[in-house]
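As given, the protein sequences belong to chains A and B, one line each in that order. Heads up: the first sequence runs through residues 1 to 114, numbered per my numbering. Heads up: the second sequence runs through residues 1 to 208, numbered per my numbering.
Keep in mind the hints are simulated off the structure, nothing from the lab. Yeah, the Cβ is synthetic: ideal placement off N, Cα and C, and Gly gets one too. A few of these clues could be false.
To be verified - Per the computed footprint, the stretches of chain A lying under chain B, defined by three or more beta-carbons under 8 angstroms from a beta-carbon of chain B, are:
no., segment
1, 36-42
2, 57-67
3, 70-78
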Amino acid sequence: MSSHDTPIVAKTQAQYEYDRHHNAVHMRKQVINFAIMIFLTFIAFGMAAAGFSKYLIFPFILLLAGVQVVLQLYAFMHLEDKKTHFGGVIGFFMWMGIVIAFTFFLAFLTVVWW
Amino acid sequence: MDFNTKFTPHTWPDHPEQATMEGKNKVVGFWIFLACEVVLFASLFATYLALKNKGPAGMEFTTQGLYELPLAFAMTMLLLTSSLTSVYAIHHMRNFNFKGMQTWFGITLLLGAGFLALEVYEFYHYTHLGFTFTQSAFATAFYSLVGTHGFHVSLGLVWISTLMIRNAKRGLNLYNAPKFFVAALYWHFIDVVWVFIFTVVYLMGVIG
Numbered sequence: 001m002s003s004h005d006t007p008i009v010a011k012t013q014a015q016y017e018y019d020r021h022h023n024a025v026h027m028r029k030q031v032i033n034f035a036i037m038i039f040l041t042f043i044a045f046g047m048a049a050a051g052f053s054k055y056l057i058f059p060f061i062l063l064l065a066g067v068q069v070v071l072q073l074y075a076f077m078h079l080e081d082k083k084t085h086f087g088g089v090i091g092f093f094m095w096m097g098i099v100i101a102f103t104f105f106l107a108f109l110t111v112v113w114w
Numbered sequence: 001m002d003f004n005t006k007f008t009p010h011t012w013p014d015h016p017e018q019a020t021m022e023g024k025n026k027v028v029g030f031w032i033f034l035a036c037e038v039v040l041f042a043s044l045f046a047t048y049l050a051l052k053n054k055g056p057a058g059m060e061f062t063t064q065g066l067y068e069l070p071l072a073f074a075m076t077m078l079l080l081t082s083s084l085t086s087v088y089a090i091h092h093m094r095n096f097n098f099k100g101m102q103t104w105f106g107i108t109l110l111l112g113a114g115f116l117a118l119e120v121y122e123f124y125h126y127t128h129l130g131f132t133f134t135q136s137a138f139a140t141a142f143y144s145l146v147g148t149h150g151f152h153v154s155l156g157l158v159w160i161s162t163l164m165i166r167n168a169k170r171g172l173n174l175y176n177a178p179k180f181f182v183a184a185l186y187w188h189f190i191d192v193v194w195v196f197i198f199t200v201v202y203l204m205g206v207i208g
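One chain only, chain A, in its complex shape:
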């Protein structure tokens, strides 16, 4: 067994029940996150269908998409979990990816024309 591995220890019944309860509470929070995502999706589609000015809708639905993505990354993909190993490495690469992504939008929307 390598020193990087988690030692296997049998939990006491009390610890086991506590962890189970903790997992159940966590799952309830995930369902709430999901409800928020569905709600935001409804608002976004509703706004598009209602036909307001695009200068109002565009920034608003982009903001809603941003909120949804943050929920996906941090809650559903467990980035909020402080026990994730190499969290700094993950954050570094993701932010670098986002910075490069931004330069694409900047370049393509200013340089490319038809």
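With chain A fixed as given, assemble chain B onto it according to the hints.
Chain B only, in chain A's frame:
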């Protein structure tokens, strides 16, 4: 650690996907892959936005004429729900409930397949209208972006179903827990990309 060590619910670690060195490496390696996927999709999104509604003179196809919100809405609901069902699958994995995990991954697959079927219908419908891949710069950018996402969904379906079949008799251990976890991460990422597709392509397309 012997990957095939048998566990009980009491000995199963809290974070089985990262209990071994291989699991830790797999998770961080997969996130680096996802960061590359961010860049890939950003290039496709930027191309789409630059070439949206652009094409040969007199082109009849525009985002407002083509896209239909009810279809995009149905696809969004299917994929968003499949993201929650894979959260349930990982929840059961952490509780050492193999059957629960397999069941929820199975539901995830069904929802993903439903999404894919709607996408195939959509592409079929557009091509029959004459909006084919080579019809215009707009068409090429649209199919490249949405098609690359659809390809990721198909790959995810094959990946998760293969994992489920290969491990059907093995049950949960520290060898396959990281594999299931990483597949779920991939599935969530597909949903992340779709959130931007339904916003940037469909909603912003319908408005103009």
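Given that the segment 36-42 of chain A was listed as covered by chain B, double-check it with a C-beta distance under 8 angstroms for 3 or more residues. It holds: at least three residues are needed, and the segment 36-42 of chain A offers 3 whose Cβ sits within less than 8 angstroms of chain B.
### Task
Count residues of the segment 57-67 of chain A with a Cβ under 8 angstroms from any Cβ of chain B, then say if the count reaches three.
Since 6 is at least three, the answer is holds.
#### Entry: Given coverage of the segment 70-78 of chain A by chain B, tested with a Cβ cutoff of 8 angstroms and a minimum of 3 residues
holds (count 4)
Comparing the model with each numbered hint stated earlier shows that all of them hold.
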